[in-house]
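Please model the entire structure based on the sequences and the hints provided.
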Amino acid sequence: MTSFLVLRASRGAGFDEPFDMLTACHERVGRMSMLLEGLARHLDECGADADAAQAARDITRYFDVAGPAHHEDEERHLFPALISQGLPAEVAIIEKLQREHLAMSEQWKTLRLDLDQLVQGRWPVNMSTEAFARWATFAALYRDHMATEETQVYPAARQLSDDTARAGMGYEMARRRSVPWPRP
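Just so you know, we're using this note's numbering here: the sequence shown kicks off at 92 and counts up by one.
Check each hint, because a few of them may be wrong.
[Stated by the list, open to error] Restraint ranges, calculated between C-beta atoms of paired labels, are given here: (1) A160 <-> P273: 15 to 23 Å; (2) P246 <-> L204: 30 to 38 Å; (3) R213 <-> L178: 46 to 54 Å; (4) E163 <-> A258: 14 to 22 Å.
Keep in mind the hints are simulated off the structure, nothing from the lab.
Note that the Cβ used here is the ideal one computed from N, Cα and C, for glycine as well.
In structure tokens:
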């Protein structure tokens, strides 16, 4: 198995600590972004082999399911609380992050088509340069986006939430994922 597929495990986080859950999701997004960039290098060096197809499946599964759920968590639970404060700087940051969520979603549609080609064993070498540039742009957007959230949004939203709000947030996050919560 190629080295680009060896990824460390996420730290554990549960719905009882929704901010930790969001941060753990960012760690997974970071790993999937690195896998995407590693996949580009692998395709250049080894071609479209079984390892590349498996990496493409893993990336697709993550960004099809977990990515949109994570964005929804932020859009429902963090952004409204910060916007309601009415602070112009925070509102501007949230509006920028919302635009980035839309951009990521649009970019993902194209990346997914690239990865589908790879999974189906149809990777035309002539599309590599453009595809790899798209993948790098996507990964860079996510990195910058997550940095803003972790340094500005999460701390501010955490300050605004009490134990009851965090419990409700965790419950809603679990419910949207069909995970029974709280656990017995």
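Consistency of the hints with the structure:
1. Against the hinted window of 15 to 23 Å, the Cβ-Cβ separation of A160 and P273 comes to about 19 Å, which satisfies the hint.
2. A hinted range of 30 to 38 Å for the beta carbons of P246 and L204 is consistent with their spacing of about 37 Å.
3. Taken as a hint, the range 46 to 54 Å holds for the pair R213 and L178, whose Cβ atoms sit roughly 50 Å apart.
4. With their beta carbons about 18 Å apart, E163 and A258 fall inside the hinted range of 14 to 22 Å.
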